[in-house]
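Numbering follows my numbering, in which position 347 of the sequence shown is assigned residue number 347; successive positions increment by one, without gaps.
Label pairs and their computed distance ranges (CB to CB): (1) Lys-222 to Gly-469: 27 to 37 Å; (2) Thr-278 to Ser-332: 32 to 42 Å; (3) Gly-217 to Lys-419: 54 to 64 Å; (4) Asp-195 to Lys-427: 13 to 23 Å; (5) Lys-521 to Asn-143: 47 to 57 Å; (6) Asp-607 to Pro-108: 52 to 62 Å; (7) Lys-568 to Ala-210: 35 to 45 Å; (8) Gly-540 to Ala-210: 53 to 63 Å; (9) Pro-281 to Val-38: 47 to 57 Å; (10) Lys-327 to Ala-147: 49 to 59 Å; (11) Ala-46 to Pro-164: 21 to 31 Å; (12) Lys-620 to Glu-492: 17 to 27 Å; (13) Lys-156 to Pro-108: 12 to 22 Å.
Derived lysine-lysine pairs resembling BS3-like cross-links, with alpha carbons at most 27 Å apart: (14) Lys-584 to Lys-651; (15) Lys-279 to Lys-355; (16) Lys-550 to Lys-373; (17) Lys-663 to Lys-579; (18) Lys-427 to Lys-414; (19) Lys-536 to Lys-663; (20) Lys-206 to Lys-279; (21) Lys-264 to Lys-671; (22) Lys-609 to Lys-51; (23) Lys-550 to Lys-620; (24) Lys-54 to Lys-547; (25) Lys-82 to Lys-189; (26) Lys-75 to Lys-166; (27) Lys-663 to Lys-586; (28) Lys-663 to Lys-644; (29) Lys-144 to Lys-82; (30) Lys-155 to Lys-144; (31) Lys-568 to Lys-671; (32) Lys-144 to Lys-237; (33) Lys-609 to Lys-663; (34) Lys-75 to Lys-222; (35) Lys-264 to Lys-82; (36) Lys-373 to Lys-427; (37) Lys-264 to Lys-644; (38) Lys-542 to Lys-568; (39) Lys-453 to Lys-320; (40) Lys-237 to Lys-75.
Hints are computed from structural coordinates only; laboratory data are not their basis.
In this text, a Cβ means the ideal position worked out from N, Cα and C, and glycines have one as well.
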Amino acid sequence: MKTIFKSLLYFSFAGLVLTGCAKNDDFSVPNISCTDPVATANASIADIYSKATKDVVQLKEEGLIISGVVISSDKGGNFHQKLHIVDESTQLPAIISIGISGSNAQFPVGTKINLKMDGLYIHDNFGLLNIGGGIYTSSSGKNKYTAAIPGTAVKKYISTYCQPVKDFETTYNNVLTLKGLTKTDYAGKLVTFTDVQFDRALVGKKLYDAADVDAQGYTLRKVVDSEGNSFDIRTGKYSEDFKDWVITSESGSITGIFDVFQDKIQFYPRTIADINLTKDPFEGSTPTDPETPGDMEGKDKDGVDQNTPTYVANFSNWTKFVASTNKFGIQSYAKEAPGQGKDGKGAMEIKGTPKENDYVFTIQNQSVVKGAKAITMWIKGTSSKTLSFNVNRNNGSYAVFNLATDAQIEDKEKPVFSKDITLTATKRTQSGKPENGQNDYVTGSINAPNWIKVTLDLTGVDYNTTGKGDIFSFKVGKSVAYDLVVSDIVFEGGEAGGTPTDPEKPGEGSENPGEGAFFPKNATYVANFDSPDIDKILLGGKLTTGKFEKGAGPNNTTAIFLDTNLSKNGYVYTVNASKTPAGKSKISFYIKGEAVATLSMNVMNTDGKEFFFNPGNIDKNVIVTETSAQNNYIGLVNAKDWVKVTIDLTKIEGDYQTKDGEKFFSVKFGKSGNWNAYISSAFFE
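Could you build the full structure based on these sequences and the hints that come with them?
In structure tokens form, the structure reads like this:
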């Protein structure tokens, strides 16, 4: 047991208080020592997550103890009867409801606590672990939450360590910029955003205004960075520290607890000291998606189909190119350059200094090839900023291709683009429009005296093939000189009027649907949803959950569509082995869509033993390299485009099941408020 005695100053002060104020013998000598908890944690916050569900449940496990570090404070009133903690090692967050006010005195920021879990209630509330002392039912009677641990019982469950954790600010405060932020990485954690300011329309208003609140009684105030990325600060009626604070024009940093609600960032400062705005303000525009029309050719006329499906932008026929642009036309600094393109073809010259982050042009209402693998163009010239391209999807959203990679953008590198380059769609999304990618113009420069080929890899991008709406946009940054020549922009691969991989009939070998961009050539399928015999290998002859939709999968293959409220975990489908080859090392499939739970996969070996593969969050390609003791659905599906899920078959004991008619492979889902996702055929690799 470790005991730490306070300083002589504490003794002196205590003595003065007792001498000057005591009226009777009821004032005992104050406790002048601090004792660390005797029992230590025997479980992690992650272990409690694995037990939590969408329903509030009580834990009954004697002796179960977790620990965490306090990152919140109710000193400013913004965390009323809530204690936010994170795992000491992993920063995995949890929220404890406690029935006391002024908890910052007992649990100051940086305090390490132990929490006895036996008898407490837990709840997975949209991916965040909530812990409390009972069940609270909303006034509508429809929703249940964890209620506060009674104030008289707080000491029974929570004990504190004497010394705060070391290096709290550098270890547990995540210093970030809004640009390039992956929102799901920081929910429930302590974050400092740098280089931000309040929206210009809010300057002079109060941070909290009882007359300007949402349905829950909170005031939302928008904070932006110089690129137009944003989040909302949320304050409520208990936020005493913020009630009279008037929003200033300056920029700087803001610290608080990070949350995500309906895919929007909501932010909770702890005290007014967390708002540190001392720098000059920057421009308050939102340059990521301006509607700046051109003032030259094509203005005020919608795009008219030119029936040139292999072209994105046909600069060799300038008249047809102009007719293919939307009503905003072409910027005046972009002009025809006959014969100056690659190999003497036509080209577009961009020469000038854009005043805004501009759409140079947008292609609209064109018939285009299906199944293309890439969009390519040749560029030469110079610019001290870069380029960005939007490729519109069938659903009206758009993927963004930046010259700089996400890693270069996040690390604030300054690459110089002078060689051939292949681009993939950014994973960075707009805060206000998460279905769209985030443009970047400032990471790097262009210095290409000779032609360089720019390739946009369309793998996983369900680009617009409807012949209606926007198809492609060419974008530039503001306030720097551009001196570029761009040759014709074209699709590579694909066929007009249909994808080259569309099967005449589903089957095996070279007739496999979708082969090429997504599925391997001559793929061997675990479950081929385009096969007329799929019902013969599905357990029970049908899907357990969901429905087949032809043409909804990658390369117009058939996919399973999950669009339902699911109240319990269950199976999407199970297939039996059927002419299943031995010796394969992986099973893969694709998924896109969203859900507030995730998938889990089961594989049977030849002895009939089941092995469980849990991918966790599915927001990019994921490979599951280890098996688990059971199915686990903790995580989110957040895939705007097709992402690949792969499981490593070498991790199971013995060989996987190959005997015809025996259960072999299952895909399962976690219960969720709503699933809206597509799942492709599964195949061996």
